[in-house]
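Visitor: Each chain is listed here by its residues.
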Amino acid sequence: MVKEKYPRTKRQVQGMRLEEGFYNKKEGNQKAEKDVQEREKRKNIALGPSIAVSKDFKLMTHIVAGYPSLKQSETLALAMADFGASLIEIQIPFSDPIADGQTIMRANALAQKNKITVEDCFKLLEKLKQRVKIPLLFMTYYNIPFTYGLERFCHKAKESGCYGLIIPDIPFDEEKQEHYLSICKRYKLHAIQIISLLTPENRLKKIAKIASGFIYCVSRTGTTGESKNVQKNLDKNLKIIKKIIKVPLALGFGISTKQQIEYLRQKAEILVIGSKILNIYNHAAKFEKMNEVNSFLSTLLS
Amino acid sequence: MKNYLLNKNGHFGIFGGRYLPEMLIPIMEELEETFYQSIKDKKFKKELNYLYKNYSGRPTPLYYCENLTRKLGGAKIFLKNEGLNHTGAHKINHCLGQALIAKKMGKKRLIAETGAGQHGLATASVAAKFGFSCTVYMGLKDYQRQKPNVFYMERLGAKVIPVTTGGQILRDAINEALRDLLANPKETHYLLGTVCGPHPYPVMNTYFQSIIGKEVKKQILKQTEKLPDYLIACVGGGSNAMGLFYEFLDNENIQLITVEAGGKGIKENERKALHAARFQTGKLGVVEGFKSYFLQNKDGQIKETHSISAGLDYSGVGPQIAYLKSINRIKTTYALDKEVLKAYKTLAEEEGIIAALESCHAIAETIKLAPKLPKEKIIVVNCSGRGDKDYFITSKYIKTKNLIKI
Numbered sequence: 001m002v003k004e005k006y007p008r009t010k011r012q013v014q015g016m017r018l019e020e021g022f023y024n025k026k027e028g029n030q031k032a033e034k035d036v037q038e039r040e041k042r043k044n045i046a047l048g049p050s051i052a053v054s055k056d057f058k059l060m061t062h063i064v065a066g067y068p069s070l071k072q073s074e075t076l077a078l079a080m081a082d083f084g085a086s087l088i089e090i091q092i093p094f095s096d097p098i099a100d101g102q103t104i105m106r107a108n109a110l111a112q113k114n115k116i117t118v119e120d121c122f123k124l125l126e127k128l129k130q131r132v133k134i135p136l137l138f139m140t141y142y143n144i145p146f147t148y149g150l151e152r153f154c155h156k157a158k159e160s161g162c163y164g165l166i167i168p169d170i171p172f173d174e175e176k177q178e179h180y181l182s183i184c185k186r187y188k189l190h191a192i193q194i195i196s197l198l199t200p201e202n203r204l205k206k207i208a209k210i211a212s213g214f215i216y217c218v219s220r221t222g223t224t225g226e227s228k229n230v231q232k233n234l235d236k237n238l239k240i241i242k243k244i245i246k247v248p249l250a251l252g253f254g255i256s257t258k259q260q261i262e263y264l265r266q267k268a269e270i271l272v273i274g275s276k277i278l279n280i281y282n283h284a285a286k287f288e289k290m291n292e293v294n295s296f297l298s299t300l301l302s
Numbered sequence: 001m002k003n004y005l006l007n008k009n010g011h012f013g014i015f016g017g018r019y020l021p022e023m024l025i026p027i028m029e030e031l032e033e034t035f036y037q038s039i040k041d042k043k044f045k046k047e048l049n050y051l052y053k054n055y056s057g058r059p060t061p062l063y064y065c066e067n068l069t070r071k072l073g074g075a076k077i078f079l080k081n082e083g084l085n086h087t088g089a090h091k092i093n094h095c096l097g098q099a100l101i102a103k104k105m106g107k108k109r110l111i112a113e114t115g116a117g118q119h120g121l122a123t124a125s126v127a128a129k130f131g132f133s134c135t136v137y138m139g140l141k142d143y144q145r146q147k148p149n150v151f152y153m154e155r156l157g158a159k160v161i162p163v164t165t166g167g168q169i170l171r172d173a174i175n176e177a178l179r180d181l182l183a184n185p186k187e188t189h190y191l192l193g194t195v196c197g198p199h200p201y202p203v204m205n206t207y208f209q210s211i212i213g214k215e216v217k218k219q220i221l222k223q224t225e226k227l228p229d230y231l232i233a234c235v236g237g238g239s240n241a242m243g244l245f246y247e248f249l250d251n252e253n254i255q256l257i258t259v260e261a262g263g264k265g266i267k268e269n270e271r272k273a274l275h276a277a278r279f280q281t282g283k284l285g286v287v288e289g290f291k292s293y294f295l296q297n298k299d300g301q302i303k304e305t306h307s308i309s310a311g312l313d314y315s316g317v318g319p320q321i322a323y324l325k326s327i328n329r330i331k332t333t334y335a336l337d338k339e340v341l342k343a344y345k346t347l348a349e350e351e352g353i354i355a356a357l358e359s360c361h362a363i364a365e366t367i368k369l370a371p372k373l374p375k376e377k378i379i380v381v382n383c384s385g386r387g388d389k390d391y392f393i394t395s396k397y398i399k400t401k402n403l404i405k406i
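Chains as they are written, first to last, in the numbering used here: chain G, 1 to 302; chain B, 1 to 406.
Calculated directly from the structure, the hints in this document are not laboratory data. Among the hints, a few may not be true.
Pairs of lysine-lysine residues, derived as DSS-like cross-links and limited to a Cα-Cα distance of at most 27 Å, are as follows [claimed, not checked]:
#1 Lys185/G to Lys158/G
#2 Lys338/B to Lys264/B
#3 Lys186/B to Lys239/G
#4 Lys298/B to Lys156/G
#5 Lys185/G to Lys298/B
#6 Lys298/B to Lys127/G
#7 Lys298/B to Lys71/B
#8 Lys236/G to Lys267/G
#9 Lys159/B to Lys186/B
#10 Lys185/G to Lys108/B
#11 Lys113/G to Lys283/B
#12 Lys103/B to Lys129/B
#13 Lys107/B to Lys236/G
#14 Lys115/G to Lys283/B
#15 Lys115/G to Lys264/B
#16 Lys286/G to Lys258/G
#17 Lys396/B to Lys147/B
#18 Lys209/G to Lys8/B
#19 Lys205/G to Lys186/B
#20 Lys108/B to Lys40/B
#21 Lys298/B to Lys158/G
#22 Lys283/B to Lys123/G
#23 Lys283/B to Lys272/B
#24 Lys236/G to Lys186/B
#25 Lys375/B to Lys345/B
#26 Lys46/B to Lys107/B
#27 Lys113/G to Lys272/B
#28 Lys71/G to Lys298/B
#29 Lys267/G to Lys186/B
#30 Lys8/B to Lys176/G
#31 Lys283/B to Lys176/G
#32 Lys206/G to Lys186/B
#33 Lys368/B to Lys217/B
#34 Lys185/G to Lys206/G
Going by beta-carbon spacing under 7 Å, a handful of chain G positions derived as facing chain B [stated by the list, open to error]:
#35 Ile98
#36 Ala99
#37 Ile195
#38 Pro200
Each residue gets a CB set at the ideal place from its N, CA and C atoms; glycine is no exception.
Work out the full structure, taking the sequences as your base and the hints as a guide.
Guide: In structure tokens, the structure reads:
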């Protein structure tokens with residue numbers, strides 16, 4: 001099922017055509033065209049030419065290293081890349097994942113039971129990096145790099161081929177104390193900032209200044225998990241955010257259906273699917289797990 | 001008191017801070033602002049003092065333990081009986097304070113974590129009094145071992161949610177409460193129950209608890225015309241210890257002693273500790289929004305802990321306590337479960353006071369220390385709560401001959 005060929009599948013070639021079509025439609029409509037240019041610009045700032053532009057949005061997916069096993073999390077990541085994910089977050093399991101919902105929290109606990117170490121996670125990323133070309137990020141909580149030694153962690157992450165770090169519990173307010181942003185910069189890792197639709201403008205402005213790579217915006221308040229309703233005043237809030245934030249925007253937390261993707265695809269450069277894939281995996285019958293994940297991924301991007 | 005206060009970034013030395021997801025930062029900023037405004041406001045202080053006196057029954061007595069002193073034959077032992085507060089422990093002090101602040105911020109709902117149930121009980125009480133809706137998170141293990149408090153919280157109208165993740169104790173309850181706050185940031189005030197967590201909780205709860213030390217100072221001067229030589233308190237997160245110590249921090253002749261849960265001894269493996277003595281084997285870490293000592297493995301994974309008392313069964317310790325330890329202002333020690341049970345019995349039999357198992361850690365240290373000291377020395381020990389809630393634990397360990405089975 002899992003193929004690691006590059007360039008990838010038929011679907012993606014179609015995707016590229018689709019995209020041409022998408023731009024062509026906008027012709028004649030100046031405002032829309034300007035929008036498109038703006039979006040293109042933002043995409044290129046951070047993601048660079050290394051990723052083939054295959055869609056009008058990029059998909060970021062999420063795995064927990066060591067869940068359900070180290071080998072299986074690798075298989076999941078490869079499948080994600082194969083079916084068109086443009087970025088993958090690899091979560092280093094932590095005992096106290098305060099910003100995660102039930103599914104990922106349980107995955108963290110199980111990965112820990114599997115005795116997954118930080119070193120295992122570096123090895124996993126390194127291994128994946130040899131087989132896929134897309135950016136791979138580490139997601140974890142601050143105590144992990146802090147305990148490992150922040151410098152040493154960043155150095156090792158960069159060596160493993162990591163693109164950037166997503167760490168929810170290190171706000172810029174602690175920069176003076178921790179030097180997290182400057183150390184990430186030194187090791188050429190993108191320190192991905194996280195905002196919400198409710199982040200006040202004064203903080204958005206500060207975050208815009210330190211933004212690197214892209215900005216991760218949670219599309220509903222709360223922890224990661226699926227939600228059926230996409231927030232009502234999304235458009236209004238996104239408009240304010242986009243006025244201030246100039247790097248690509250990733251919308252996350254709660255996207256679980258094709259319909260949501262259809263609804264959101266014009267609104268941000270990156271869409272994040274996190275716990276949904278793990279849920280599908282968990283709920284599928286024993287030998288159907290990867291099949292179900294693959295078919296979900298393929299319908300998402302078809 | 002310049003040496004012991006918080007710096008501009010919300011840190012005590014390297015400890016403390018506000019290591020939270022961005023979504024929670026504005027909430028903490030609002031809380032901080034309201035707190036600092038409130039404590040400058042005479043009306044707020046007046047209302048708080050009124051509640052301390054008429055709702056909680058303050059001042060709590062400072063009681064000279066004559067029998068215990070005679071039995072041990074050393075320093076004079078005074079017991080600050082916080083167990084006589086309304087709801088049975090010192091926790092009501094910061095609950096009243098935070099409830100007033102939540103009211104000021106226009107919040108409609110209180111959430112809290114609880115270990116022993118004392119903080120949950122106090123939160124449920126102030127919620128009932130001030131008309132907040134209330135949800136209390138409690139680890140399943142604590143939920144089972146502190147049943148009386150669960151019952152009372154529910155009677156007070158609170159929803160008690162047993163937390164089934166992790167070690168099913170205090171830390172897991174805090175994590176769940178933080179998740180709740182992330183999901184409901186607008187209407188909810190998280191009434192965190194100790195001097196841990198992100199800024200401003202440590203400084204705010206210390207402020208509300210410092211009434212303990214202030215009263216002790218007045219009471220001991222009145223009773224003995226001297227200041228104490230030793231202050232002893234148990235430490236889970238550290239709220240009753242900071243409450244007792246704060247007033248005396250500047251007076252360096254007074255020795256401050258914290259007692260952690262030694263559990264079944266200072267032994268541990270990669271996932272689990274048989275104790276909760278952070279100052280024995282803990283390492284610096286950043287968890288649950290603050291930097292302090294945590295029991296963790298070499299990768300930074302937080303370990304499960306053990307203590308006979310749910311209130312001390314916690315893997316981290318308040319940042320100001322960690323700071324005071326780092327500058328050698330406080331001495332840290334621990335008491336084993338079995339020493340705690342012995343102290344529980346001794347205090348009951350000598351003085352007719354049934355103390356909470358948490359507080360019995362401090363009593364155990366007092367019993368160890370007093371005989372080594374000359375008679376003119378004075379120890380003040382904080383009896384942070386009363387022991388009614390511990391029936392299901394203590395009755396398991398202490399044989400009661402004449403208890404008729406119904």
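Visitor: If a hint holds in the structure, say so; if it doesn't, say that too.
Guide: Tested hints:
Between Lys185/G and Lys158/G the CA atoms are separated by roughly 11 Å; this keeps the pair inside 27 Å, and the hint holds. Straight-line distance between C-alpha atoms of Lys338/B and Lys264/B comes to about 8 Å, which keeps the hinted pair within the 27 Å bound. For the hint pairing Lys186/B with Lys239/G, the CA-to-CA distance comes to about 21 Å; that is within 27 Å, so the pair holds. The suggested pairing of Lys298/B with Lys156/G holds, with an alpha-carbon distance near 17 Å, which does not exceed 27 Å.
Our distance criterion of 27 Å between C-alpha atoms is met by Lys185/G and Lys298/B, whose separation comes to about 26 Å. For the suggested pair Lys298/B and Lys127/G, the alpha carbons sit about 24 Å apart, so the restraint of at most 27 Å is met. With a C-alpha separation of about 45 Å, the suggested pair Lys298/B and Lys71/B falls outside the 27 Å cut-off, and the hint is violated. Using a Cα cut-off of 27 Å, the hinted pair Lys236/G and Lys267/G holds, with the two alpha carbons roughly 11 Å apart.
Using a Cα cut-off of 27 Å, the hinted pair Lys159/B and Lys186/B holds, with the two alpha carbons roughly 19 Å apart. Simply put, Lys185/G and Lys108/B have alpha-carbon atoms about 43 Å apart, too far for the 27 Å limit, and the pair is violated. As the CA atoms of Lys113/G and Lys283/B are separated by approximately 21 Å, the hinted pair is consistent with the 27 Å bound. Note on Lys103/B and Lys129/B: the hinted pairing holds, with a Cα-Cα distance of about 12 Å set against a maximum of 27 Å.
Taken as a hint, the Lys107/B and Lys236/G pair is honoured in the structure, with Cα atoms around 25 Å apart against an allowance of 27 Å. About 20 Å separates the Cα atoms of Lys115/G and Lys283/B, which keeps this hinted pair within 27 Å; it holds. Annotation: proposed proximity of Lys115/G to Lys264/B holds, straight-line Cα distance about 25 Å (limit 27 Å). Restraint check: the Cα-Cα separation between Lys286/G and Lys258/G comes to about 25 Å, which is no more than 27 Å; the hinted pair holds.
Between Lys396/B and Lys147/B the alpha-carbon distance is near 14 Å, which keeps this suggested pair within the 27 Å criterion. For the suggested pair Lys209/G and Lys8/B, the alpha carbons sit about 22 Å apart, so the restraint of at most 27 Å is met. At roughly 22 Å between alpha-carbon atoms, Lys205/G and Lys186/B fall within 27 Å of each other, so this suggested pair holds. Restraint check: the Cα-Cα separation between Lys108/B and Lys40/B comes to about 24 Å, which is no more than 27 Å; the hinted pair holds.
Between Lys298/B and Lys158/G the CA atoms are separated by roughly 21 Å; this keeps the pair inside 27 Å, and the hint holds. Using a Cα cut-off of 27 Å, the hinted pair Lys283/B and Lys123/G holds, with the two alpha carbons roughly 26 Å apart. Restraint check for Lys283/B and Lys272/B: the C-alpha separation of about 15 Å stays at or below 27 Å, so the hint holds. Straight-line distance between C-alpha atoms of Lys236/G and Lys186/B comes to about 18 Å, which keeps the hinted pair within the 27 Å bound.
Taking the CA atoms of Lys375/B and Lys345/B, the gap is about 24 Å. The hint holds against a cut of 27 Å. At roughly 21 Å between alpha-carbon atoms, Lys46/B and Lys107/B fall within 27 Å of each other, so this suggested pair holds. In summary, the hint linking Lys113/G to Lys272/B is supported, as the alpha carbons are separated by about 12 Å, within the 27 Å threshold. Only pairs whose Cα atoms come within 27 Å are accepted, and Lys71/G paired with Lys298/B is accepted, the gap being roughly 23 Å.
Our distance criterion of 27 Å between C-alpha atoms is met by Lys267/G and Lys186/B, whose separation comes to about 25 Å. For the hint linking Lys8/B to Lys176/G, the alpha-carbon distance of about 11 Å falls within 27 Å, and the restraint holds. A distance of roughly 21 Å separates the Cα atoms of Lys283/B and Lys176/G; the hinted pair therefore holds under the 27 Å criterion. Distance restraint check for Lys206/G and Lys186/B: the Cα-Cα separation of roughly 23 Å lies within the 27 Å cut-off, and the hinted pair is therefore satisfied.
Pair hint Lys368/B plus Lys217/B holds up; C-alpha atoms about 24 Å apart against a cutoff of 27 Å. Distance check on the hinted pair: Lys185/G and Lys206/G sit about 17 Å apart at the alpha-carbon level, within 27 Å; holds. Evaluation of the Ile98/G hint against chain B yields a held restraint, the C-beta minimum of about 5 Å falling below 7 Å. Residue-level restraint check for Ala99/G holds (minimum Cβ-Cβ distance to chain B is 5 Å; threshold 7 Å).
Taking 7 Å as the C-beta cut-off, the interface hint given for Ile195/G holds, the closest approach to chain B being about 6 Å. Because the smallest distance between the Cβ of Pro200/G and any Cβ of chain B comes to about 6 Å, under 7 Å, the interface hint for this residue holds.
Hint compliance for this structure: hints 7 and 10 are broken, all remaining hints hold.
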